[in-house]
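Given only the sequences and the hints, what does the whole structure look like? Please build it.
In order, the protein sequence lines correspond to chains W and A.
Be aware that the first sequence starts at 1, since it is given in my numbering, and climbs by one per residue.
Be aware that the second sequence starts at 1001, since it is given in my numbering, and climbs by one per residue.
If you're looking for bench data, these hints aren't it; they were derived computationally from the structure.
Small disclaimer: the values here were computed from a predicted structure and weren't measured.
Positions of the beta carbon are idealized from the N, C-alpha and C atoms, including for glycine.
Do not take every clue at face value.
[Claimed, not checked] Footprint (simulated), chain A over chain W, 3 or more residues, beta carbon under 8 angstroms:
1. 304 to 311
2. 379 to 385
[Said to hold, decoys possible] Negatives, chain A to chain W, calculated, CB over 12 angstroms:
3. Val1027
4. Glu1036
5. Asp1039
6. His1049
7. Asp1056
8. Lys1081
9. Asp1084
10. Ile1089
11. Met1092
12. Asp1113
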Amino acid sequence: MLQLPIYLDNNATTPMDPRVLEAMTPYFLNHFGNSASRNHPFGWAAEEAVDYAREQVAKLIGADPKEIIFTSGATEADNLGIKGVYEMYASKGNHIITATTEHKAVIDTCKHIEKLGGEVTYLQVEPDGLIDLVALEAAIKPNTVLISIMYANNEIGTVMPMKEISAIARKHGVLVFTDGTQAVGKIPVDVNKDGIDLMAFTAHKMYGPKGVGALYVRRKNPRVKVTAQMDGGGHERGMRSGTLNVPGIVGFGKACELCMLEMESDAARTSKLRDKLQAALLQIEESYVNGSREHRLPHVANISFKHVEGEGLLMGFNKNIALSSGSACTSASLEPSYVLKALGLGDDLAHSSLRFGLSRFTTEEEIDYTIKSITDTVLKLREMSPLWEMYKEGIDLDSIEWAAH
Amino acid sequence: MAYSEKVIDHYQNPKNVGTLDKASKNVGTGLVGAPECGDVMRLQIEVNHDTGMITDAKFKTFGCGSAIASSSLATEWLKGKSVDEALKIDNMTIVEELNLPPVKIHCSVLAEDAIKAAINDYREKNGMEKIKFEESVIH
Chain W
1 MLQLPIYLDN
11 NATTPMDPRV
21 LEAMTPYFLN
31 HFGNSASRNH
41 PFGWAAEEAV
51 DYAREQVAKL
61 IGADPKEIIF
71 TSGATEADNL
81 GIKGVYEMYA
91 SKGNHIITAT
101 TEHKAVIDTC
111 KHIEKLGGEV
121 TYLQVEPDGL
131 IDLVALEAAI
141 KPNTVLISIM
151 YANNEIGTVM
161 PMKEISAIAR
171 KHGVLVFTDG
181 TQAVGKIPVD
191 VNKDGIDLMA
201 FTAHKMYGPK
211 GVGALYVRRK
221 NPRVKVTAQM
231 DGGGHERGMR
241 SGTLNVPGIV
251 GFGKACELCM
261 LEMESDAART
271 SKLRDKLQAA
281 LLQIEESYVN
291 GSREHRLPHV
301 ANISFKHVEG
311 EGLLMGFNKN
321 IALSSGSACT
331 SASLEPSYVL
341 KALGLGDDLA
351 HSSLRFGLSR
361 FTTEEEIDYT
371 IKSITDTVLK
381 LREMSPLWEM
391 YKEGIDLDSI
401 EWAAH
Chain A
1001 MAYSEKVIDH
1011 YQNPKNVGTL
1021 DKASKNVGTG
1031 LVGAPECGDV
1041 MRLQIEVNHD
1051 TGMITDAKFK
1061 TFGCGSAIAS
1071 SSLATEWLKG
1081 KSVDEALKID
1091 NMTIVEELNL
1101 PPVKIHCSVL
1111 AEDAIKAAIN
1121 DYREKNGMEK
1131 IKFEESVIH
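Written out as structure tokens, the structure reads:
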């Protein structure tokens, strides 16, 4: 039986897997101890659980447990990784290279560093959302300390060539940080094979709880250090003070273990459903996939429907289908998605986009319902769209002098 | 953000969607907004030359639900009004009628602009001088 509403906004957050909740429950109740309490069984039980979770998390990304620093989420890990390197390596240089399509947690952290006197290069991306490796190498300067490129994009799902990026970085002795939030648990990520020195990721994008994430910090070849951004009890080997969120960490560990076991089958299933959804929606006239189709997360599609505005479109079905749009109207800023604009999309196409993020729990019935709802709404709104009418009459919309607004 | 029931109703059952013959002398067309801003409204009025009454009004809108509702409501209000009365439609009455939140006030401004643009187009076609309007405050 089809249950409404349908959730297809899994790039924002995923539902928790019930198996994760089951693993967490005892650590709210019986095993409530502080993992830093060294002198009694409550502390020991908590510490043991954290150690076990640390192994589960490390294993998923091919790291050593000692290289995992637990944080409150990916935003904190982004801040700690980038600011921490900037401060720690101040004597070596002050230049960071990143890209215009990064998440705000990275972009705004870099802007903060600029205010502190650092230098940041924001690389443009190709029309498919991928980084130009030649431009990346050309941007490296003697004072470059860090390259920060996300593993996979949250809006369009584009997967960056991390191996190639890190090979370039290595050649020039520059560290590589990646925001792995959307990729970890969904596609194979291996910090050693991928040559990653630091990586931020979070539990709630991979069927774990909100409020817990991690920063991977490489310990060997090279040994990387970050300056703590919070003062306190010196938890997490001095890099992140604050009592550990034991139940959250236990859930994070369990979520990682499940992803490790089920990633392959999840990806095979979601990509099949995603492809079905995409193929059906591309049957609609003047609809386009944004970003690379080839280098893309298996469960993500970002599609624009020309001459239909995204928020107006969402309103047609958002009681029954949860999705997000790159339209300005969905945010208070009135600016359409900066990621879509960075691909070179006109504002009109950026305003007309929907982002689909499938999950382990998405069913074919849900996809069939979604296809029908969206197709019906696009067609209905186009009947109402003056731009569609003009387009159909063969009027070049760019030739019109639109009133300044 | 939740929409008001009136916005939802106009969105689901928009009134007066369509196109009037823009070449006709008794039709005035207002096209306002811009695709890059995420809303474009086209509002048309058909005027009886003798009585000065608006006999028909149609719209097409590219935009969010509030923009669609604002233009749908505007066409409802225009029908049966004289051109002079139509000039008095103020965006804030649209805001009140539809319970638009502050971030959506620009939708009502756009509807008011579209009415004025349609009236001026009609005036121009019929040898009357265009009315100069003050710049709308909120955009």
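Status of the hints after comparison with the structure:
Counting residues of the segment 304 to 311 of chain W whose CB lies closer than 8 angstroms to any CB of chain A gives 5, so the stated coverage by that chain holds, three being the minimum. Given a C-beta distance limit of less than 8 angstroms, the hint that chain A covers the segment 379 to 385 of chain W holds, as 3 residues qualify and 3 suffice. The non-interface label for Val1027(A) is consistent with chain W: the shortest C-beta to C-beta separation is roughly 15 angstroms, beyond 12 angstroms. Not every beta carbon of chain W lies more than 12 angstroms from that of Glu1036(A), the smallest distance being close to 3 angstroms; the non-interface claim is violated.
With a minimum CB-CB distance of about 7 angstroms to chain W, Asp1039(A) fails to clear the 12 angstroms threshold, and the non-interface call is violated. His1049(A), annotated as away from the interface, keeps every beta carbon of chain W farther than 12 angstroms; the closest lies near 26 angstroms. With a cut of 12 angstroms on Cβ distances, Asp1056(A) stays outside the contact zone with chain W, its closest approach being about 17 angstroms. Remark: the non-interface label on Lys1081(A) is consistent with the geometry, its nearest Cβ contact in chain W lying 22 angstroms away (cut-off 12 angstroms).
Asp1084(A), annotated as away from the interface, keeps every beta carbon of chain W farther than 12 angstroms; the closest lies near 24 angstroms. Distance check for Ile1089(A) against chain W: the nearest CB is about 18 angstroms away, which clears 12 angstroms, and the non-interface claim stands. Annotated as non-interface, Met1092(A) keeps its C-beta farther than 12 angstroms from every C-beta of chain W; the closest such distance is 19 angstroms. Consistency note on Asp1113(A): stated as away from chain W, yet its beta-carbon is not over 12 angstroms from all of that chain's, at 8 angstroms minimum.
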